[in-house]
Amino acid sequence: MKKAPSVFIIFLTVFIDLMGFGVVVPMLPLYTRDFGAHGIVIGLIFSAYSIMQFIFSPIWGKFSDRIGRRPVLLMSTAAACTSYIIFALASGMANTTLALALIILSRVLAGICGGNIAVAQAYIADITPAEKRSKMMGMIGMAIGLGFVFGPGIGAFSLSTMGLPGPGWIAAVLSGCNFILAFSILPESRKPGSEQARQRPHLDQWIHTLTRPKVGMLIIVFFLATFCFSCFEVTLSLLVSDNFHLEIVNAGKTAGYLIVFVGLVGALFQGGATGRLVKKLGEPKLILTSLFLTGIAMIIVPFMQGAPQLSWSILFRSEGWPWIKLIIALCVLAIGSNLARPPIFGMISNLTSADEQGATIGVAQGSGSMARILGPIFATGLYSIKFLPHGIANSLQSLSSAFARPGIIPYVTCGIIAMLTGILAVLRLSRSSLPASRPAETTTAP
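Note that the numbering used here has the sequence shown beginning at 666, numbered continuously upward.
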C-alpha cells in the first residue's frame, strides 16, 4: 500500500533534526575553547553551521526540484548523523589540534545538512492547499522551536551521564533514528506539477525591500534583535564557566538547562500574552517594550557571579542568591526576546501587498540568518576584553573592577544596541504605522 504524504511526518523529521542540533549547541563554545580555540575563532566555529546553512539552503532546494524531496531529506539526514559521530569522536580525543579540526569539520557538515529546512518547506507546499499553507508552515517553525528547546536539555543530561562525548553520540542516535523514520514512512511528495522550492531573494529584492521606510526599518529591528540574542547564545556557557568557576562538564550541563529554561519561559509567555499585549500597547510600543527588556537583561547578566554548582538545594541557601539573580535576568531576557518577533512580522505582513509577502518575509528571514552568522563572531571576538579607557579606569576604580570580567563588553554593547533600537523603532513606526484595517502598503517591484 502506497504511503500518503503527511505533515506530521515532516514535522517529526524537522523536530528530531533540530533537536539533534540543539543537543550540541550549548557545549560547542566550551569544547572549542578547551581544545585551544580563543576569541573570534570560537565564534567562527560556532557560525560555521549558519554560514553553510545559508549557502546550501537554495542548493538543496534546487536539487530537490530535480530528484525529489525524499532523496534529499534522506541524504541530508544521513550526513547529519555522520557529522555528529565525528563530533562525538573528536570530543574524546587527547590530541587537541586534531580534535579541534574534526569539530570544525563536523560543524561544516552539519550546516550543509541544515540547509534541508528549505526542502521540508517545499514538501509542505507540495502536499498542502494554498489556503492552508501558512498554517502548515507555522508547524515547521514550531518543530524548529521545540527542537531548540528540548535539544539543549538532552545534551546537558547526556553530558552529565556520558561525559564529553555524550552530546555528540546522543545527537548521532537522534539523527540515525530520524533517518530510519524518514526512510520507513516518508513518501515522495513532489509531482510533475509541484511548485519549485522557494529560493532566496535576489539582491534587487533586498534593495527594494530595505528601501521601503517602514518595512526596511522592521527588518533592521529584526536583524539587531536576532544579533543580540545570538551573542547571548554563543557566550552563555563560557560566562557560566568563568563567573561561577565551573569546569567544562558542569558548565555545559548548567548552560544547557538554562537555555531550556529560557526557551520554555519565552514560548509560554509568547503564546499566552502576545495577543493581549498587541491589543493593549500596539505593535510599535510592544517592540519597544520587548527590546528594552532584552537590553536590560543583557546588561545585567554578565555581572552575576558566584561559586557553588547550580542545584535545587543551593537556591534555598544564601550561596544561591547569585543563581537566583541570574535566573531572574534570564527570565526577563526570555520574555523580551520572544515578544519582539510576532509584532515585527505582523507589521511586515500588514505593510506588504499580497503578491510580495513571500519575497519580503524571505528578506526578513535572510537578515535573521545573517545576524546568526555575525553575532557569534562579534560576541566571542570581544568576550575576553576586560578594560576601560585609562582615564575612566583611574577615576572609577570600582567600575573598572566590575568591568574586569569576561563577557562584559559584548553583553553591555548588545544591551545598549537593543534599547536604542527599541527607541528608534517606536519613533519611526508609531507615527507611520498602519491600523490593522487599513490596506497594506503597495509598491511596484523593480
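Errors might be hidden in some of the hints.
[As the list claims (entries may be wrong)] DSS-like mimics (lysine-lysine), calculated; alpha carbons at most 27 Å apart, straight line:
| no. | residue 1 | residue 2 |
| --- | --- | --- |
| 1 | 879 | 990 |
| 2 | 879 | 945 |
| 3 | 944 | 797 |
| 4 | 944 | 990 |
| 5 | 797 | 727 |
Honestly, the hints are just simulated from the structure, not real lab data.
No experiment lies behind these values; they were computed from the predicted model shown.
Check: Holds or violated: residue 879 with residue 945, Cα cutoff 27 Å?
Finding: holds (21 Å)
Checklist line | Satisfaction of hint between residue 727 and residue 797, Cα-Cα up to 27 Å | finding: holds (24 Å)
Note to self: Checking one constraint from the list: CA of residue 944 to CA of residue 990, max 27 Å. Satisfied?
What the structure shows: With a Cα-Cα distance of about 31 Å, the restraint between residue 944 and residue 990 is violated, given a limit of 27 Å.
Note to self: Would the hint linking residue 879 and residue 990 be met if the CA-CA limit is 27 Å?
What the structure shows: violated (38 Å)
Next item on the list: Please work out if residue 944 and residue 797 have their alpha carbons no farther apart than 27 Å.
Entry: Distance of about 25 Å is within 27 Å: holds.
Against the hints set out earlier in the document, violations occur for numbers 1 and 4.
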